[in-house]
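*Asks:* Just so you know, the protein sequences line up as chains E and F, in that order. So for the first sequence, my numbering puts the first residue at 1; every next one is plus one. So for the second sequence, my numbering puts the first residue at 1; every next one is plus one.
Since the hints were made in silico from the structure, they are not lab data. In this text, a Cβ means the ideal position worked out from N, Cα and C, and glycines have one as well. Each hint should be verified, as a subset may be incorrect.
[To be verified] Now the in silico label distances, taken between C-beta atoms and shown as ranges:
no., chain 1, residue 1, chain 2, residue 2, range
1, E, ILE130, F, THR26, 52 to 60 Å
2, F, GLU32, E, GLU317, 29 to 37 Å
3, F, THR206, E, GLY125, 58 to 66 Å
4, F, GLU317, E, ALA123, 48 to 56 Å
5, F, GLU241, E, ILE130, 28 to 36 Å
6, F, GLU211, E, ASP141, 40 to 48 Å
There are 2 protein chains.
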Amino acid sequence: MKKFVNDPKQFVPEMLKGIALANPTTLKYVPEYNLIMRADIPKDNKVSIMQGSGSGHEPAHVMIVGRGMLDAACPGDVFSAPAADYVYNTSKLVASKKGVLHLINNYTGDKMSFDMGKEMAEADGIEIKIVVVNDDVAVKDSTWTVGRRGVAGNFFVIKAVGAAAEKGASLDDLVKLGERVVAVTRTMGMALTGCTPPAKGTPIFTLAEDEMEMGIGIHGEPGRKRVKMAKANAIVDELLEAVASDLPYKSGDDVALMINGMGGTPISELYLLYGYAHEQVTKRGMKIKRNYVGEYCTSLEMAGFSLTLVKLDPELEGLLAAPAEIAIRTF
Amino acid sequence: MKKFVNDPKQFVPEMLKGIALANPTTLKYVPEYNLIMRADIPKDNKVSIMQGSGSGHEPAHVMIVGRGMLDAACPGDVFSAPAADYVYNTSKLVASKKGVLHLINNYTGDKMSFDMGKEMAEADGIEIKIVVVNDDVAVKDSTWTVGRRGVAGNFFVIKAVGAAAEKGASLDDLVKLGERVVAVTRTMGMALTGCTPPAKGTPIFTLAEDEMEMGIGIHGEPGRKRVKMAKANAIVDELLEAVASDLPYKSGDDVALMINGMGGTPISELYLLYGYAHEQVTKRGMKIKRNYVGEYCTSLEMAGFSLTLVKLDPELEGLLAAPAEIAIRTF
Chain E
1 MKKFVNDPKQ FVPEMLKGIA LANPTTLKYV PEYNLIMRAD IPKDNKVSIM QGSGSGHEPA
61 HVMIVGRGML DAACPGDVFS APAADYVYNT SKLVASKKGV LHLINNYTGD KMSFDMGKEM
121 AEADGIEIKI VVVNDDVAVK DSTWTVGRRG VAGNFFVIKA VGAAAEKGAS LDDLVKLGER
181 VVAVTRTMGM ALTGCTPPAK GTPIFTLAED EMEMGIGIHG EPGRKRVKMA KANAIVDELL
241 EAVASDLPYK SGDDVALMIN GMGGTPISEL YLLYGYAHEQ VTKRGMKIKR NYVGEYCTSL
301 EMAGFSLTLV KLDPELEGLL AAPAEIAIRT F
Chain F
1 MKKFVNDPKQ FVPEMLKGIA LANPTTLKYV PEYNLIMRAD IPKDNKVSIM QGSGSGHEPA
61 HVMIVGRGML DAACPGDVFS APAADYVYNT SKLVASKKGV LHLINNYTGD KMSFDMGKEM
121 AEADGIEIKI VVVNDDVAVK DSTWTVGRRG VAGNFFVIKA VGAAAEKGAS LDDLVKLGER
181 VVAVTRTMGM ALTGCTPPAK GTPIFTLAED EMEMGIGIHG EPGRKRVKMA KANAIVDELL
241 EAVASDLPYK SGDDVALMIN GMGGTPISEL YLLYGYAHEQ VTKRGMKIKR NYVGEYCTSL
301 EMAGFSLTLV KLDPELEGLL AAPAEIAIRT F
């Protein structure tokens, strides 16, 4: 296993410790509940927003905790849902007079943990509402999901509700906004290689040297088809057609376009993909008002990418442009 | 070859086009000379700063063009120095009344191109001075270098002189500052895997499943030794000892600490490495005033990382903290 690991069981805690040490004034690591939270959550004036999911998708979600984004993230082990008890205790730690918003990517395990954690927290008098993200157009049901999976489009939901919460939006407003973002966001991904969870020590799946998987899930779940490698532009064409025809996105739409790396694809290739995707989206008559190129929701060291479109209105565009602070910085 | 490529010959131009399309108001792509430059270089008030090197190290250097950083970057093909003619023409395009600073990572090919390009530009009356970066402690001479190689520490030189240039520093001041940063910056890297330049189509070197290379160069040049895989902390210990003992960095020093990913290592692992490195640097009595975790100078999709220390003084710390804008954004 070619990974930087000490003890596979400590992979996630050691990563969380590193995040906290790199952000000593803004973030707190709470080892008891395996969580990262803002050091200064303005609990009285703002709905608190939290998300948990399996680890291995970084920066989602433990590295996008901060002002204008998540107030806390409670990850599970790699590709495993967080324990319900951690969801409960995270909810207690961030509990606000204005309520708590649970963002959940649509996986059965995550939903189960959050359902139980929510019930336990509600018994303590904490008001909680949920928004479920399911932006992946690749497959209807999947190995770990009933209905569509939640993948990189999740970022836009967090960014929008995070910005609105900072401006004082109510819990009900945030649920409406979150659902509105989910309704206009679509993603599809693909992989060139598998990836190796530290505790497993071997790849979760393998692809031959001339193969790729279209519509891959972020835990290596099967996508639409396994096919021969193609040129970069042909891959973009296929993902874009699947995504654009789903909502559908139409000529005249203002959109955000994201090319999200899966973890092992260098940023040079992501910008090459972005350049062609930008041209094709523009050719379809859409206006790209915001763009995102980099890693937002990964699968460990998997080589691959996903393409996301978000249909924008002026309010949503403003929320995506609002200032925010997160754990990872470029300089 | 598991890469997103159309035509290997167009890999770099297609990437540059993507960078420009993603940054339409701040950056310009000039296809004739294969360069990325700021759209609004304040030529009359500021020394212009440029760097060129082989491609394949992104974000260095084409993605760190922007206010407070580079004014232009003229890359060569993957792992190839830029043509002297491109260095010349880039120098002409950014030419400022206050002069032009050439930053060069210490590789024989890059130095040769910049020497020639500088001479050609000087014949046109452009004033040019150079700073050579050579932060890699791994080996004295190497496959492509006489003397030490320039690697990820390069970022700190760009950030510091970029900030000082925005404040109006003269060309002579910037040379002094750049050399001062080089003098206090040390790096060493290592690799778990090789990488594949698009035009070559096969890995530039391979490592067995249980092997790693300590002191690797950013073009896969041999390092100090090829050894059995070790645990993450042991690898950090070895790199830190090599780096810290070189200057040496001493108890009581204020430092910046960088964990730089080589391209194929997920950010989860980089933060795990950072956490332990932070503890060990602190245990040595140094105070970490600034930290950097992510990709700064990569080798395509190589799995691996480098560790950099910079000894800070209050002026340098302020320059590193100054605002800047670059092509790649997190949100």
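*Asks:* Work down the list of hints and note, for each, if the structure agrees.
*Replies:* Hints, one by one, checked against the model:
Restraint check, ILE130 of chain E to THR26 of chain F: a C-beta distance of roughly 39 Å breaks the suggested window 52 to 60 Å. Between GLU32 of chain F and GLU317 of chain E the C-beta distance comes to about 35 Å, which sits within the given range of 29 to 37 Å. At roughly 60 Å, the beta carbons of THR206 of chain F and GLY125 of chain E sit within the given window of 58 to 66 Å. Checked against the hint of 48 to 56 Å, the C-beta distance between GLU317 of chain F and ALA123 of chain E comes to roughly 49 Å, which is consistent with it.
Under the hint 28 to 36 Å, the C-beta atoms of GLU241 of chain F and ILE130 of chain E, about 49 Å apart, miss the expected range. Between GLU211 of chain F and ASP141 of chain E, the C-beta spacing of about 42 Å keeps the proposed range 40 to 48 Å intact.
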